[in-house]
Structure formats: structure tokens, C-alpha cells
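All chains, full assembly: derive it from the sequences and hints.
Residues per chain, in single letters:
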Amino acid sequence: MPHLLRAEGISLGYDQTPIIENLDLEVIPGAITVIVGANASGKSTLLKGLSRLIKPDAGQVTLGGRNIAALPGKTVATIVGLLPQQPVAPDGITVADLIGRGRYPHQGWFRQWSSTDDEIVAAAMTATNTHELARRRLEDLSGGQRQRVWIAMALAQDPEILLLDEPTTFLDVTHQIEVLDLLLERNRVRGTTVVMVLHDLNLAARYADHLVVMCAGRIVANGTPAETLTAEIVQHAFDLEARIVPDPVCGAPMVVPIGRFHGRVPTAHTEAVNRSRKGLKLG
Amino acid sequence: MKFSAQKADAAPRAVPSLAAVHAGRSRRNRSVMLVLVGALVVVAAFNLAVGAYSLSVPDLLRTLTGQGTQSENFIVLSLRLPRLTLALLVGVAFALSGALFQTVLRNPLASPDIIGVTGGASAAAVFGMLILGFGAVATSLAAFAGAIIVACAIYLLARRGGVVGYRFVLIGVGIAFMVQGLLGYLLSRANLNDAQGALLWLVGSVSGARWQDTAVVAVVLLVLLPVIRALSSRLRALQLGDDLATSLGVGAEGTRLILLVIAVALAATATAAVGPLAFVAFVAAPIARRIVGTGGLALLPAALVGALITTVADFTAQHLLPGQLELPAGIITGAIGAPYLLWLLASSNKTGKGA
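Note that the protein sequences, when read in sequence, are chains A and B.
Letter by letter, the first sequence follows residues 1 to 283 of my numbering.
Letter by letter, the second sequence follows residues 284 to 638 of my numbering.
Derived by calculation from the structure, the hints in this document are not laboratory data.
Just so we're clear, the structure is a prediction, and the values are computed from it rather than from any experiment.
Do not rely on the hints blindly, as some may be mistaken.
Over the 12 Å line for every Cβ pair with chain B, so calculated as not near, a few chain A residues [unchecked claim]:
{"hint": "1", "residue": "R206"}
{"hint": "2", "residue": "D239"}
{"hint": "3", "residue": "L240"}
{"hint": "4", "residue": "C250"}
{"hint": "5", "residue": "G251"}
Derived list of chain A stretches under chain B, where covered just means 3 residues or more per stretch with a C-beta under 8 Å from a C-beta of chain B [stated by the list, open to error]:
{"hint": "6", "segment": "49-55"}
{"hint": "7", "segment": "73-86"}
The beta-carbon is built from N, C-alpha and C at its ideal position, and this holds for glycine as well.
Here you go:
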């Protein structure tokens, strides 16, 4: 029986500055939910609220029907895991050591490191292809390798619901796809519920079963990518004019942004700019 | 057990290499520990055997097993052994205190001697000695109280919306300066004889070790070592930052507070016993981590390095300096620690870590 993670009328903020007010969200078990929105729309804050990193000023987050703040930390940690946007690690830590620390919630006073821990860590390394890196030091790795190691640590925690804050930031497009494929595989093979914040709308539409569009601390659209990624909603949430076409690879909606200079009826100003650009190229 | 499906298919190929990694790491840890313990035994033997009356190794062993002559018994068991034991124990206490501070606050500068905790102990002790006319025991108690008061002050001032490492360190450095000022005031007002005694205490020395000092430090260590051991996995989670620690089920703020309390208790106890042995807390853990080199906590190696530093420093201060002059051990530890501090400040600016 999967645990249901819900935000019930939560208000979240830092130092009395409200960022999210009276928000409701039910995380769909077994699905990949992607949260998108403009900068400062409250995406990361929502993720932190869902993973009890910040306490709601009003409302509550419930896990399996019980207030998450009232549940023991370790119990929650075996069900919900969060990979922050920029996690920190001690100097000189090796990859194997770091990934192993994900097992913390499964250990206790009387249950130290076991063969089960070994197996799950090994499985996490296999899934993320980090085996060859096991003895290396984290700081010696490339950005893409490092991100795979952090995800391996989150997988070693073995949560039912995995929250990730912009897991593809700072990665080139190849490594973005690699990371997202890895999470998709985890979701499809193991049924791990994935909730992540992404910036790239097209990748979000491709990988999400369920898309949550945020704007100014509120959810403005919530549903399948086809339902939520419309030109009107993109205009509203991102203040961006765009055309939506089917992704030629998988048919998901694809957002093609329209700037000031492309795909519009030309104005005298854009004409002039385009002319000078052509002149530059020819000259 | 959930997720047994994947375990089955991933395990056979993967486990051996992981086991090899573990084995490699523990081999390295074991050899490091072996070397440190070996070095400690040698240094301890030197401390016990060498002096105005030197013993050969067989003589020393005979004396330690209770078959020495009366004068050997007196020199080794009554004079040198208490001093060695105290040096070992305060080395461990200072080293663990520094390791905990530095790890919890994620800052290599965050050690009790830099952020004014031992300074607070010194000021209180000197105040007790010079103004209130305290004896040895009362001075120790005053030192303990001084460390606790300074630590509480730093914690409360740095607390605003969660304790952040660099803020804690900066406030601590500020308080350390205030305490230095207070010390200077106290010393300048005292008469020369009293000031001399206070100065000796301020440098830190294990000479004149009394068994009751040693016993207090030993008891505190006996109580706190298992607690530290039990908390070490939480500390490992806390090293990954507050967000990840919380996500792993560790209450960051509470864990930090408990560990800081332990670290303060260790520094306060050690300072109360021998005075502020400069820089032992500051350098022990970084040296240990460099030797172990796995990026782990390395608390046990740090404790051994701390003990090694204090015993070597005491031996050097007693026997290795020219001109028959016997110095307090704190002079030697200060001479080791100061260059490290300079190096740390110079190199951490380059990488943008440090303070």
C-alpha cells in the first residue's frame, strides 16, 4: 500500500515572507510529477515543504494521512527522500562512502551496516553506473558524474517517494537526458514515485506523467502535460508567448518560444534590427 | 522487505567490488591506527624513561610491572606516569572537541581555541586566581564554567534562524578577542608574582599533574566517548548539510546542539585540567584526516593524533630544548599550530572554503 503525500492548505515562507499561500497538492503514487514555473514561483519552496525541510506557517503536509511533522524523522526518511539542489559533502569523501550514507534511516542502535545495506548500495551504484567511481573522491569527478553519485545516494536511501530539486541543473544536455532516463527507469521498474523541479519545459513535458505549473506561489495548472502545457498557460505562468507543437520524438507537447524577433508580424523596430544583423553577416 | 526484485538481479555482479572498496578502506584505517598506536607507545616509553634519572627499557618494563626499586617506583609511577596519563587524556579530549566543532560547524577554523571557548576558560580561571584567590580545584571549576559561559554566549548570538557555521566562527573569534582583552586587564592589574603563576597556567602545562585532575578527565572521556560513538552516524549525515540531513531523518538543529555541548564539555574539562594547550584541538583532526585520507570522520585517529601531539610536545618541552630549560608543553603546541593556521588561512582563500 503506497503512502500518499499531500499538501493540505499549506502556507510556506522564509522569515515571515510568504512564498506559498494556501496550496493543495496530492502527489500521485507511482507517477512522475514534474513541477515547473518561472524563477521565484515557489517550486523549490514547495518541494522543501513536502519533505518537511520547512514547516508550514499554516496547513499541513500529510504522509499516509498523518501530519508529517508529527512522524519520527527516520520513519519519514524511509518513505520520502529529497535530493536538494546543491548538496554539500565533506572534503575528500569517497563516492562509496557518500552513497553509503544514504542508508542512515535504515540503521539504528542495534542494526548497524548489514549485507542488505551492501546490496542496496550496490544496486544504487548499478542503476546509476557509478561502480567504477566507487573509490574516487567526489571533488575529483565531473559535474555529470557527481550528479549521478548524488542520485545514487538518494536511491540508496530507497524511498517510496523521491523528491529532487532541479536534478539536471549545471549538466549539459547529454547528461540531463542520462539523469532523467535513470529516474524514469527507477520509476517504471521499481514504482518509485518521483517528484522533481525542472527548468526545461520540453524535458518536463517528455518525462512527466503529471505536470504541476506554478506561478507566484500558486498552482495554475495541474494535470497531464497535454492538458497543462497550453499556449495560454505558458503565457500566464512564464509571461512568454509560445507555440505548442507535438514533440517529433515522443508526441509530448513541445514549447517553442516566440521572442521579439522571430515568428511575429514584423514591426518597424524588429525589421531594423534584423536588417542590421544581415548587414553584419554580409560585411 | 520491499524492493526485493532489484536486489536479486543487481547483487551478484555488484557486491564483490563494493566489498573490495570496504575492505580497502578498512585496511587503510587499520594500518593508520596501528602506526599511530605504535608511535604513541614509543613516545610514552620515552616520556617515562627519559629524564634526570633515565631508565633502560628492561628497567622501565620491570618498574611498570611493579618490580622496580623504590626510587624507580617513585620517579616512574609517581612523577612521570601521572604526567604522561594526563597528557594523553587531554590530548584525546582536545582533539575530539576540535574534531566535533570543525565537523558540526563545517569550518576548519571552528575549534575551541580559535573561537574563544578555551579563552573563556582561561579568563575565568585567571579571574579566580588573581581576584578571588582561588586554589587549584576552584580554578579548574572556574575554567570549566568560563568555557561553558562563552560557548552559550556564542550559541545564543549565532542562533538567529538556525546556527550557521561561519557566523558561529566569526562571533567566536570576536568573543576570543574580548576575552583576550579581559585577560590582559587582569594580568596588568595583578602583582608580579601572581601574574607569573597565572601566565604559566595560561600557556598550558601538564607538569605537576595530580591524579584527581587525571581522574576527572578520564571519567568525562569514559562517559562521552560512547555517546560520541553512538552519535557518529548522525554526524556523518549532518556533514551533508542540513537539508540532506533532515531528509535522511536527522534533526539537524538538535543533533548540532548535542554535539556542540559534548565538544564544549571536552574542551572545558581539558582546559580546566591543564590550561589552554594551544592549537591541539585545532590541528589534530585535520592531520588525522589527511593521514587517513578517506574523507571519513576519522574521530579515533584524531584522538590518537591529539594524544601524540600533547605527549610529544611535553617530551620536547622537557628534554629536547637546548640550555636545560624546561618549558610548559603549551609553548610547543603553539609553535606547531600557528604555522598551520597561517597555511590554512592562505590556502583556504584560494579555494574559497575556510571562513
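How the hints compare with the structure:
Once the 12 Å rule is applied to beta carbons, R206 of chain A is consistent with being away from chain B; the minimum gap is 24 Å. With a least CB separation of 30 Å from chain B, D239 of chain A remains clear of the 12 Å interface cut-off, as annotated. Residue-level check passed: L240 of chain A sits 30 Å from the nearest beta carbon of chain B, beyond 12 Å. Distance to chain B confirms C250 of chain A as a non-interface residue, since its nearest Cβ pair spans about 26 Å, more than 12 Å.
Every beta carbon of chain B lies more than 12 Å from that of G251 of chain A, the smallest distance being close to 30 Å; the non-interface claim holds. Residues of the segment 49-55 of chain A with a Cβ under 8 Å from some Cβ of chain B number 3, which satisfies the need for three, so the listed coverage holds. Counting residues of the segment 73-86 of chain A whose C-beta sits closer than 8 Å to any C-beta of chain B gives 11, which meets the bar of three, so the coverage hint holds.
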